[in-house]
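**Q** So the chains spell out like this:
Number of protein chains: 2
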Amino acid sequence: MGFKEDRAEKKEKKLHDKYMKEAIKEAKKAAANNEVPIGCVIVRDGKIIAKNHNRRNKDKSVLSHAEILCIGEACKKTHDWRLEDCTMYITLEPCQMCAGAIVQARIPRVVIGSMNAKAGCAGSVINILQMSEFNHQAELIKGVMGEECSAMLSDFFANLREEKKQFRRDAMEEMEQIMDRRGTVPAPSAEPSTAAPENESESAEPENK
Amino acid sequence: MGFKEDRAEKKEKKLHDKYMKEAIKEAKKAAANNEVPIGCVIVRDGKIIAKNHNRRNKDKSVLSHAEILCIGEACKKTHDWRLEDCTMYITLEPCQMCAGAIVQARIPRVVIGSMNAKAGCAGSVINILQMSEFNHQAELIKGVMGEECSAMLSDFFANLREEKKQFRRDAMEEMEQIMDRRGTVPAPSAEPSTAAPENESESAEPENK
Numbered sequence: 001m002g003f004k005e006d007r008a009e010k011k012e013k014k015l016h017d018k019y020m021k022e023a024i025k026e027a028k029k030a031a032a033n034n035e036v037p038i039g040c041v042i043v044r045d046g047k048i049i050a051k052n053h054n055r056r057n058k059d060k061s062v063l064s065h066a067e068i069l070c071i072g073e074a075c076k077k078t079h080d081w082r083l084e085d086c087t088m089y090i091t092l093e094p095c096q097m098c099a100g101a102i103v104q105a106r107i108p109r110v111v112i113g114s115m116n117a118k119a120g121c122a123g124s125v126i127n128i129l130q131m132s133e134f135n136h137q138a139e140l141i142k143g144v145m146g147e148e149c150s151a152m153l154s155d156f157f158a159n160l161r162e163e164k165k166q167f168r169r170d171a172m173e174e175m176e177q178i179m180d181r182r183g184t185v186p187a188p189s190a191e192p193s194t195a196a197p198e199n200e201s202e203s204a205e206p207e208n209k
Numbered sequence: 001m002g003f004k005e006d007r008a009e010k011k012e013k014k015l016h017d018k019y020m021k022e023a024i025k026e027a028k029k030a031a032a033n034n035e036v037p038i039g040c041v042i043v044r045d046g047k048i049i050a051k052n053h054n055r056r057n058k059d060k061s062v063l064s065h066a067e068i069l070c071i072g073e074a075c076k077k078t079h080d081w082r083l084e085d086c087t088m089y090i091t092l093e094p095c096q097m098c099a100g101a102i103v104q105a106r107i108p109r110v111v112i113g114s115m116n117a118k119a120g121c122a123g124s125v126i127n128i129l130q131m132s133e134f135n136h137q138a139e140l141i142k143g144v145m146g147e148e149c150s151a152m153l154s155d156f157f158a159n160l161r162e163e164k165k166q167f168r169r170d171a172m173e174e175m176e177q178i179m180d181r182r183g184t185v186p187a188p189s190a191e192p193s194t195a196a197p198e199n200e201s202e203s204a205e206p207e208n209k
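From first to last, the protein sequence lines stand for chains G and S. First residue of the first sequence: 1, per my numbering; consecutive thereafter. First residue of the second sequence: 1, per my numbering; consecutive thereafter.
Don't take every hint at face value.
Here are the simulated SDA-like cross-link-like pairs (lysine to any residue), alpha carbons at most 20 Å apart as the crow flies [said to hold, decoys possible]:
hint	chain 1	residue 1	chain 2	residue 2
1	G	Lys118	S	Gln137
2	G	Lys142	G	Met115
3	G	Lys77	S	Lys60
4	G	Lys60	S	Glu5
5	G	Lys60	S	Asp80
6	S	Lys29	S	Asp59
7	G	Lys58	S	Asp80
8	G	Lys164	G	Ala31
9	G	Lys47	G	Asp17
10	S	Lys118	G	Lys47
If you want a taste of the chain S side facing chain G, the calculated C-beta under 10 Å gives, among others [stated by the list, open to error]:
hint	residue
11	Ile48
12	Val62
13	His65
14	Cys75
15	His79
16	Asp80
17	Arg82
18	Cys95
19	Cys98
20	Val103
21	Ala105
22	Asn135
23	Gln137
24	Glu139
Stretch-level coverage of chain G by chain S, calculated; a stretch enters the list once three of its residues show a Cβ under 8 Å from a Cβ in chain S [as the list claims (entries may be wrong)]:
hint	stretch
25	79-91
26	121-133
It should be emphasised that the hints constitute simulated quantities derived from the structure, not laboratory data. Here the structure is a predicted model, which means the values were calculated and not measured. Here a beta-carbon is modelled for each residue, glycine too, at the ideal position from N, C-alpha and C.
Please construct the entire structure, taking both the sequences and the accompanying hints into account.
**A** As structure tokens, then:
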């Protein structure tokens, strides 16, 4: 009996890993576009019916979170606003909007890679997915390929910080050269007034996607 | 001083009423399509930049709540995922998804017509719009044209219940006629097994839109 259970568990874990890998692939597409790497897939009857990644800056729309894009795709594909026989895989714990959309769409099962301590709404700040006051609660499976999902985000923000530093160094150097040519030296406290690279001020906050 | 304040207050109330009337107009379009009557407008610099109504059944998409449609439109119009200088007018207190979208879009002010005791997420079940744990809180103005907004919903659900009863009566009558022709009488407990009118089972739940 224990052996059979073990085998079933292993099989399920393997399946979760398989779909989370697809969500990670999506997240990497976001990173390639300088967007916070968050990916999502929705699975139904063993098939991926929707996959997408965070495109908030590219689309200039708050609705372009990976989960919302996937839910829209899945509704279109199933011709139904209820996604009652679907499982959602997400690389990062959802925000309040996406958690709300999951409950509204009645998605019964959500598999999460990495948790988001500062802004996650599936247990970190609040657990919108499992509030008894609402007419739907989702089963939650956390930590699937959690290290990979976390590392992907940490790497992205570390790169962003490095780019930011480099940008400041370049701007300062350029300013010094201009001052040199003019025969003046900038005060040590002076900061270059150049604009920050597009997108950086928002993306540097992991809690806000 | 008091007089000036009074005047400013009256002017603001008049403005709120004006925009809420537009949201009510939208809600009535939903009712005309047999959708739960919920309407929304987004105002920026004294202009309506987005207006829409609940179209969840028509569009077969959970994302077709009035607020989400409006937020999508407003982002498109402003070319920005942040709606930081907008006011949203909604005839009914938002659900968890729409309240989440408002916070994510950083809408600073939300004006609500009628509250939704069973499922509202701007104070009734939970107040997602004003959680100190998140990086944005919205100012809330409640009860603007509240009676009109409430009556509109009550009327819609009363009509729906009446239609449902009439549908059952018609189905029962039809069944009796068939039985009569066959020379049998249906048992008193027998219920016609006809399908309920489309959309009714969902729409009869005001808390779920």
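**Q** Take the hints in turn and mark each one as holding or not.
**A** Each hint, compared with the structure:
no., hint, in the structure
1, G:Lys118 with S:Gln137, "holds, 15 Å"
2, G:Lys142 with G:Met115, "holds, 8 Å"
3, G:Lys77 with S:Lys60, "holds, 10 Å"
4, G:Lys60 with S:Glu5, "violated, 39 Å"
5, G:Lys60 with S:Asp80, "holds, 5 Å"
6, S:Lys29 with S:Asp59, "holds, 14 Å"
7, G:Lys58 with S:Asp80, "holds, 10 Å"
8, G:Lys164 with G:Ala31, "holds, 16 Å"
9, G:Lys47 with G:Asp17, "holds, 14 Å"
10, S:Lys118 with G:Lys47, "violated, 35 Å"
11, Ile48, "violated, 19 Å"
12, Val62, "holds, 4 Å"
13, His65, "holds, 8 Å"
14, Cys75, "holds, 4 Å"
15, His79, "holds, 5 Å"
16, Asp80, "holds, 6 Å"
17, Arg82, "holds, 8 Å"
18, Cys95, "holds, 6 Å"
19, Cys98, "holds, 7 Å"
20, Val103, "holds, 6 Å"
21, Ala105, "holds, 4 Å"
22, Asn135, "holds, 6 Å"
23, Gln137, "violated, 12 Å"
24, Glu139, "violated, 18 Å"
25, 79-91, "holds (count 5)"
26, 121-133, "holds (count 6)"
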